[in-house]
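Undergrad: Be aware that the sequence shown starts at 1, since it is given in my numbering, and climbs by one per residue.
Don't take each hint at face value.
[Said to hold, decoys possible] If you anchor each label on the Cβ, the simulated ranges turn out as follows: (1) Asp56 x Arg127: 23 to 31 Å; (2) Met1 x Gly34: 34 to 42 Å; (3) Glu126 x Arg221: 36 to 44 Å; (4) Asp251 x Asp54: 32 to 40 Å; (5) Glu123 x Gly57: 19 to 27 Å; (6) Asp251 x His49: 21 to 29 Å; (7) Val115 x Gln218: 35 to 43 Å; (8) Ser216 x Gly144: 22 to 30 Å.
FYI, nobody ran anything at the bench for these hints, they're computed from the structure.
Heads up, the beta-carbon is just placed ideally off N, CA and C, and yes, glycines get one too.
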Amino acid sequence: MLHIRHFGTGPQLVALHGFSQTGEIFRASARPLGRTVLAIDLPGHGESHSEPTDIDGVVNGVGAILAGLNEPVPLLGYSQGARVALLAALGDPSCITRLVLVGGTAGIRDAARRVERLKRDTELGERIDNIGVEAFIKEWTSIGITSLDRLTPEARAHDLGMRLANSGAGLRAALVGFGQGAQPSVWNQLDTLTVPVLLMVGEDDDTYRDINVQMSKQIERAEIVVVPGSGHNPLTDNPEFSFSTISDFLDRTG
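Full structure from sequences and hints, please.
TA: Here you go:
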């Protein structure tokens, strides 16, 4: 069973973190959301050491947790976690009341590009082996859309500490097993989603903003929110705006 971290009190929300994070990233979300956050450590991360890291195994593991709860609940995912959340919602929507996808995608449409991405993910996993977790995390969080430059010093230190607790072998397995190259394209299934969906993306995250605009046009009950002052991770770049928006969305009925 995947490891679950419990934060806060109130109605339940299941949350899935991004690559190289752990469920710890959602500790700060419980109070502003007013919910009990069940933050899952995805395979290869945190305390989920021995669970399958292939994409089907990961989705099935999350689905088993959702099915084991006493009632359907909202599901939130960020980045890699958003991709898993989307696949879980498509696989068994009966366990989910609302879906929040932060910096997510419905996959790489072109098969050749997926193969190329898997090759790059595999090479990146080998780099983790070669340089070690600490050097890799320093690189990963210093450039591009995964940069932590927008965080306060305290938040940055907390984020780095969480990521550095992961193992190199686990991160490599997660990249290859359920990275973007391993994820199937589900663009042609988006119109089957019937639950309300919140698509959240940072205003400076150009690539994912365009992707989410496209997704919003194919999901019947989707709404898209562009988070100001944010890159790829609105939840840490602009937490006040992000959690207020998510809370309003989750508290609605119908």
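Undergrad: So, for every hint listed, does it hold in this structure?
TA: Status of the hints after comparison with the structure:
1. Range check, Asp56 to Arg127: Cβ separation about 26 Å, and the 23 to 31 Å hint holds.
2. Roughly 27 Å separates the CB atoms of Met1 and Gly34, a value that falls outside the hinted 34 to 42 Å.
3. Between Glu126 and Arg221 the CB atoms are about 42 Å apart, so this pair conforms to the stated range of 36 to 44 Å.
4. Evaluation of the 32 to 40 Å hint for Asp251 and Asp54 yields a pass: the beta carbon distance comes to about 36 Å.
5. Checked against the given bound of 19 to 27 Å, the beta carbons of Glu123 and Gly57, roughly 23 Å apart, stay inside it.
6. At about 36 Å, the CB distance of Asp251 to His49 disagrees with the hint of 21 to 29 Å.
7. Our hint of 35 to 43 Å for Val115 and Gln218 is violated, since their Cβ atoms are close to 24 Å apart.
8. A beta carbon spacing of about 24 Å between Ser216 and Gly144 agrees with the range 22 to 30 Å that was offered as a hint.
When the structure is compared with the earlier hints, violations turn up for hints 2, 6, 7 and for no others.
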